[in-house]
Structures are given as structure tokens and as C-alpha cells.
Amino acid sequence: MSLLRKLPIRFLNPQSALRLRVFTAQTAEKHAFPDVPTSAYYDERINAAGRDGDLETIRKLLNKRIADGCFNTNNTFKFLTRTETSLSILEDLFKTLARLDRGLPRKQAYDALIARLCKIKRVEDSLRLVDEMARGNDGLNGVTFHPILSALTHDKKMEEAWRVIGQMRELKVSPDLTAYNYLLTAYCFNGNLTGASKVLQKIEENQLGFDARTYDALVMGACKEGKVEGALMLVRRMVDDGQSPLYCTYAHVISALLKLDYCAQAVKFVMVCGNRDHKLDTESFGCLASRLIGMRKFDEAKFVLEEMNKRGLEMYGSKLKDFYEFNVRNAK
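UniProt numbering puts the first residue of the sequence shown at 1, with every later residue one more than the last.
Everything labelled a hint here was simulated from the structure, so no lab data went into it. No residue lacks a Cβ here, since even glycine has one placed at the ideal position from N, Cα and C. Treat the hints loosely; a few may be bogus.
As a list, the in silico BS3-like pairs of lysine-lysine whose alpha-carbon atoms are at most 27 Å apart [claimed, not checked]:
{"no.": "1", "residue 1": "K227", "residue 2": "K172"}
{"no.": "2", "residue 1": "K157", "residue 2": "K172"}
{"no.": "3", "residue 1": "K224", "residue 2": "K172"}
{"no.": "4", "residue 1": "K198", "residue 2": "K227"}
{"no.": "5", "residue 1": "K302", "residue 2": "K319"}
{"no.": "6", "residue 1": "K202", "residue 2": "K259"}
{"no.": "7", "residue 1": "K172", "residue 2": "K121"}
Pairwise CB distance ranges (calculated) [claimed, not checked]:
{"no.": "8", "residue 1": "V328", "residue 2": "R237", "range": "45 to 51 Å"}
{"no.": "9", "residue 1": "F298", "residue 2": "H278", "range": "23 to 29 Å"}
{"no.": "10", "residue 1": "E205", "residue 2": "D54", "range": "45 to 51 Å"}
{"no.": "11", "residue 1": "N141", "residue 2": "V328", "range": "26 to 32 Å"}
{"no.": "12", "residue 1": "T194", "residue 2": "H278", "range": "38 to 44 Å"}
{"no.": "13", "residue 1": "G294", "residue 2": "N141", "range": "32 to 38 Å"}
{"no.": "14", "residue 1": "R82", "residue 2": "R237", "range": "40 to 46 Å"}
Using the sequences and the hints, build the whole thing.
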């Protein structure tokens, strides 16, 4: 009895003991592996371990997720941000990745970390990882370099991007079409035709051909220069080559035509290009109608919306729906 008096009151309370057991069970359940783990589950566990600085757990999870068929994603290393506290783990994290199982676990982890570092503007650190992969013969390929080229060209660091292209060749990694497309898109966006011509020359020398991204960059460049006829020829060639235009490819042409006040030609463009891809039609017709309403070209907008209704194309947003209800359907 004297022993019971010395115990804290909470230990004598059955409800308190029950709550403690429930809490313990919930905690264990939270950290237990599910029967069918997912990439999202592994990302959550890795990010929690990263925030705690638990590198050994990160290592085990990165190995196990590949064995479970749960590949790394853009969220795998999301615990890394631009803060000093977050980046203090970086050096030890590099060493942890070097101790992963050889093959896919290590290759996938390196690629995912490089992509994350580029996302938070740490391109120099990502290039250090490239060197590590090269030394360890860890599957360095074009995919590894894509985030680096994307980050550099996005920031208009074209000389550095070309140096990376050169580094790829030195490491026996042939720059692929995607790599060159990053440079081409940047040059076309900035109206640098000389730079764009240089990239096209490299694409032709290496017989890489054109894909939808290549054509999109060229169409954008032509539209920015006001050369709409050239852009239309490129779209025609793109379709003839069997490439499916991107949503933004048609948007470039529509914007260029409307900028010149060629509203009728813009309407004709979407009509001629229609009936190939329902989703693409929905985007291009909707984009044109919205722009025409904004320009107060109401007659042309009504015509486009009537066509959308006939073709069974959905009108996204209250702007298009309200205009159609008040000015087309109720006006009949």
C-alpha cells in the first residue's frame, strides 16, 4: 500500500494507462511498413528522416524502395530547401548516397538529388554529384544532365549550359535531343536567332531529328519575331512529320495573329487545325475565345463559342460560360 502512495496519480488512473497504450499503438502503426508501399509513402518517410538528420534511415529507405518497385520522385528530397539549416546535411548526404546499393538504387537516388538541387538553385552541387557518378561508374546518362541544362537555360546562363554539353561529351555521354531542346527553347524565347541556328546545326550533325518540343521552340521563335507565315509553315511541317502539336504551340500562333489584329485568320487557324485531338481543340478554341472576349471582339468570340458547342468542347471558367449563356444561347 505504501508503494502505491508513492506512484504518480496518472499511473493509478486506468484511463491514463489506456490513452498511453493507444498513443503507443498509433505511433507504431504510423512507422510500420504498409502491405503495399507507394512512392508517396517512401517520400514521406525519407523527408521525415531528412528533417531529423537521420541519414542511416534515409539510406535504408532509398535501398528498400527500389526493391519494392517504388521509384524516386520529384518529392524524394523535398526536405532540402534553400535554408542554411537544411543544407548543412548536404555533405553527409552525398556520402550516404555513395554507400547505397550499386545499380538502380544508387543511380536513381543520384538523379533525384541532382534534380532537387537544381530546383533550389544549387547547380554547382549537382555538378559535383555528376563527378561522383562518373568516378563510381554509376550509370551517368543524358537523363542525369536534363535538370542541370533546364536550370541553366531557364536562368539564361547559356555559356554554362554549353560547357555542360561539352562535359557530357568528355564523359562519353552523347547529348540527346532533349538536351539540345533546352538550349533551343531558351534561344528562341529570347529572340537569339544566331544561338538557335547553332543548336539546330548540332541537332542536324548528330541526326537527332525533331520532336514536338523542337518544333514548339521554333514556332515560338518565329512568332516572337513576327514571322507568322513561317510559324504556320512549321506547324504544317510538324503535323506532316507525325508530331502532335503541344497546347502551347497553337497558343504561340494564336497570340501572334491576335497581336497583329488578324482575328479572322486566328479563327481560321483553329478551325483548320481542329478535329485531330479533342483536348487540344478544347484548349485552342477556349484560348482563342477568351482572348477575343478580352479584346472586345465579341462577334468573333460568339462564332468560336458556337463552334465549341457544336463540337462538344467543354468551356472552362466562368468567363467563357457566362459569355456563352448571355450572348449566344439566350440571344437565339
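Do the hints match the structure? See the list:
{"no.": "1", "hint": "K227 - K172", "result": "violated, 39 Å"}
{"no.": "2", "hint": "K157 - K172", "result": "holds, 23 Å"}
{"no.": "3", "hint": "K224 - K172", "result": "violated, 36 Å"}
{"no.": "4", "hint": "K198 - K227", "result": "holds, 20 Å"}
{"no.": "5", "hint": "K302 - K319", "result": "holds, 13 Å"}
{"no.": "6", "hint": "K202 - K259", "result": "violated, 33 Å"}
{"no.": "7", "hint": "K172 - K121", "result": "holds, 26 Å"}
{"no.": "8", "hint": "V328 - R237: 45 to 51 Å", "result": "violated, 36 Å"}
{"no.": "9", "hint": "F298 - H278: 23 to 29 Å", "result": "holds, 26 Å"}
{"no.": "10", "hint": "E205 - D54: 45 to 51 Å", "result": "holds, 49 Å"}
{"no.": "11", "hint": "N141 - V328: 26 to 32 Å", "result": "violated, 53 Å"}
{"no.": "12", "hint": "T194 - H278: 38 to 44 Å", "result": "holds, 40 Å"}
{"no.": "13", "hint": "G294 - N141: 32 to 38 Å", "result": "violated, 45 Å"}
{"no.": "14", "hint": "R82 - R237: 40 to 46 Å", "result": "holds, 43 Å"}
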